[in-house]
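Visitor: Chain by chain, the residues run as shown.
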Amino acid sequence: MTVAAEGSPPLRMTRARRNALLRSEPVQGFALISPTFLYALILLVLPIMVVIAHSFWTQHYLTIDRTFTLENYRVALTEPIYRDLLWRSLYISLTVSLFTVVLAYPIAYFISFHGGRHKSLWLFLITIPFWTSYLLRVMSWKVILGYNGVLNSGLMGLGIIDEPSTALLYNSSAVIITLTHAWAAFAILPIFVSLEKVDRTLVEAATDLGDGPLRSFLRVTLPLSAPGIISAALIVMIPTVGDYVTPKLVGGKDGVMIANAIQAQFGKAANWPLGAALSVTTMLIVSLMAGATVLIIRTLQRMAR
Amino acid sequence: MPEQPRIERPHADRIQSERPMIEIRNVTRSYGAFKALDDASLTIREGEFFSLLGPSGCGKTTLLRMIAGFDNPTSGSIAVGGQSMEGIPANRRPTNMVFQSYAIFPHLNVEQNVAYGLKRLKLQGGEEKRRVEEALGQVSLTGLGKRLATELSGGQRQRVALGRALVMRPKVLLLDEPLSALDKKLREQMQVELRRLQQAVGITFVLVTHDQYEALAMSDRIAVMFGGKIAQVASPKEIYQRPVNRQVADFLGGMNFVKAEIVEENGASLIVDTLGFGRIKTDKPKAFVRNGGAATLGIRPERLRVLWDNATAKFEVAGKVVERHYFGEITHLIVEIPGLEKPLSVTETNDFGADDIPVGTPIRLAYDPEALVAMAD
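Quick note, the sequences are listed as chains A and B, same order.
One point on numbering: in my numbering, the residue at position 148 of the first sequence is 148, and numbering is uninterrupted.
In short: position in the second sequence from 1, add 305, done, that's my numbering.
Calculated from the structure, these hints are not laboratory results.
Fair warning: there could be bad hints in the mix.
List time: in silico DSS-like cross-link candidates among lysine-lysine, alpha-carbon distance up to 27 Å [what the hints assert, rightly or not]: (1) Lys619(B) with Lys589(B); (2) Lys564(B) with Lys647(B); (3) Lys268(A) with Lys253(A); (4) Lys197(A) with Lys424(B); (5) Lys197(A) with Lys451(B); (6) Lys591(B) with Lys625(B).
The shape of chain B in the complex, shown without the other chains (with noise of 0.2 Å):
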């Protein structure tokens, strides 16, 4: 993409192992004649931050409780660390939780919460308390130890939960939508701190979410999954940007669909013939299955530019604004294109007066051909 500047995401440069931390081969889980798990491969790497993606039923979190072993596979196995986990319980394996309802011990304050792991191991000359106090460091709890459950606010449950966690220095942690219970700002900062989190302790971390924001933010890899099945493993980058098919591409946000015909298919690359946008030269999908002669095109709202006055663009469409819809800092304007069935999306910024286009004004946009995608339906 040329006209992006190349700045790398910070963590981007971290060195990361590629050595397997979690394998999970072939993984069905049946529920009766329900699958919820459909034949699931995956692997995720040492160090990883790894997010499970999908809308609630996809599997997800049966995925994750299998992990942490509160549920079995029907068939498949799971191994962590090299090692398998069929028949180890929930309380031998080298994974740790932190519950969707944070599940803090009511009973218990915040101190002897995070030390509940610790007191079996019977540790000597007060490397209990230096760990319990390094983990609530760790979490930014330093000095409420002796609070009890009950006057925490949610963020601080969560954090409660995330250091009893980690003080046990599992393997793996996981992760079970730790902060959907919060509120905007809240889950926006949490998201913010797990990731240094994840980058300062260098533990796994398995992240279940059914919001693509915080999977997209937070994650080093994504796996996007579909009734109990894995759809997408990738980037967030390669997700967000090239879809394997129109589910992923509207779970992961806005996506206009373009109906195309294949006019020529070679090596990497795809040539089309639409009607909105012409002949289409773009990057054959890897996993790409021609289906006839069609094939669906996918362009992200934001990758549609309003051109202004006289301004002109290698690849333009023109059209007629039909909605406009303000969000702020951005605005959504619905553009009717002649000859495509459905009317684009296109996000502009607000910068140059988006908010202020009447509607029915016609109207050109300039696009990348690049950021036309083909997948599949």
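Chain A extracted, bound-state conformation (with noise of 0.2 Å):
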């Protein structure tokens, strides 16, 4: 843009409508989301791209074969090796997610309702296991779990137990053990929220209307704190499907998980297709999943009406 060119009439105009344009909100909230949007695009969605490619492919050592093929997801689906690997990372993470959201619903629901004035430092305690590194919380139920561990020696000391037991490490349980602690703060926090929007005179107008404590609880207060609890559901279920730090750290053998197979996959046995295959079976499932607990969800929250 020259200076003589500056101030004709046209590029007055021009720049009208580009500072028009610059003002209006649809304009402005894509300029605010781009770029994390950018980010997305380029570390997410192109990944997922490639991922789902691969799994139309074949592998030959190191060469890459490009001709379609459904191959990866006959053998995924059908051996059953990997699907009882989805099953149980599916029963993991079901569990899990139960588990931490009833956990996790009474301390939400005490902080919200009877933490006064002290609800932020109730809240700030909370966090206060995320301080350290999630590998050094796992590595602590190693601790606590394993065959010289706390728990056994624990037991024995009280004569409950003769013999360190080896039921409580390198096994699923330790694993759902594990990662229900592990996300107990990422389910308090939605469910929490939610329980601070409802509104306390409609349980007020519940008892006023004839409802003790509990039944006011189970027809307004819980149904109200749905979403929190939906989302607590989804935040716990979705990463634990595909976590395999965990397993591989206490769930030894019998605690392998689908993302150890897929990382097996990616690694040492050099096959990508298999992997990316793997891959795009369990996000499927896992959405499904998803959205199944949200449909059971608002249907139970409908039943209690």
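Starting from the two chains in their separate frames, assemble the complex, guided by the hints.
Guide: Laid out in structure tokens, this is it:
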């Protein structure tokens, strides 16, 4: 743009139009989200496209054969080992989200309804475990559940068992226990937020209309906090299916999950297409399961009326 | 009041039971050193439309919540229908409440909201549906049963809250500032409707409000409260015309206060000397406590009338218009009277041109000595 051109009528008009464009709300909105959007596009959408593409190809040692094939999906869905791993992953993630939500709800309820002036303090205390790394928290469960661990020595000291139990560590229960603890804060927070939004007068109104404490909780507080329960369940469920650190550290042979198999295909086994097919299959099934969870909670909420 | 025609308000002749429905005895509610309610005693009669009127923080809502069972007296007792409410939780009291925020369950539709309290009763053979329909009819919501709470206007939400409480057939319906969230026009319409509804169902209504017009328009009796204490309990007319003290008088609307010297006190009447109004004989208030020789008289602005041209009245004062405020159907005139420390406020209808009186005009005002009432400071 030259100095001479500035101030000429047509340019002024385009500038005015450009300013109007910059001031329009949708444009401002897109401008605000564009860095994140580009970031997600490059680092999330593109890799997923690459994974999806690979799942239809075949690998011969170091070369990829780009002929379309469904063979990888056939293996992923019919090979007993992958089917079992997938089922186990889904079972673990469902159990973990159920336990986490059930254990987190009373805590969130307590903070929201009885936290008084100390709500922020309580929330702060809940985040304390997160000051250490996730790996350390998983490792500390090893210390608790291990052969010479805290739990075994404690039980032996009390004379409840004679020799250390090996049933505590290196199985799917250990994975469930560890993950339930690891996700606790992620479940407490959304439930807390949704409970905070429940108008206390509504509980009073239910009481006024004859409901005792339990009944008013089941008919008013619980259904109205359903959005928090749904998000807590999803926040826990979705990453759990794909977790491979926890099973690797505390899962042992019986605690291996689908993500460990996927990791193996991309690593040692060097079969990227099969790994990709397993990933895509898992993603689809997790989406279905998440959708089903939302539907089930919504139905329960309606039944509470 | 001889110049006033004797036309009773339509509900004044309704046979009203003298039986007490709510008995509040020496109720105090303290929060630490602060007393939200201080030794309040009150009897509300069966079938009565009773209002608790006062500024915010006067304890009226605290009292209502204690009747409902959401709060408990620090000392004193509350009985509803002859039964002591001590130790009875809110969900087992024969009262139902219309909340200020309406507290409509957002996850339920209108019908489900109204049926909420009935569900627990497990009524047989379509009785629940019948009662819900009846309640919806009472609050003019027939046909809106399937609407969600979020799809309702403020007035409709208020009706749902009302229907939801009425369907329980409580002995007492408690209303916590139910009209304060509505706009002026809708509020006035709902006042009339609430009053009609109360007469139709015959349930005792206890209304909490800070709006004196609302209380005056709807109630059979009003309790005016200040600072946790009940200042006066009487009919709207009595409260408006014969307030016991300046605070009550002020809260119920404009009042001109005139200082007076007591000349004679006998039986039911007082004879006082005032600077502007001369010697006046007035009714002695029921609980009149003589405080030396001084007394306060009050006269409502609308009880002073402008005397036009050469018209005369038996009792009149002369002064000068110093301010004029136009309010559509009425005009407020501020009139300076020689001898009175504060100018008088006069409300005159605009039929005769009060809105055209220029500031500075000498003016004469007619009054009825009976409209000058003695009250405590």
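Visitor: Going through the earlier hints one by one, which of them does the structure break, listed in rising order?
Guide: Result: hint 6 breaks, nothing else.
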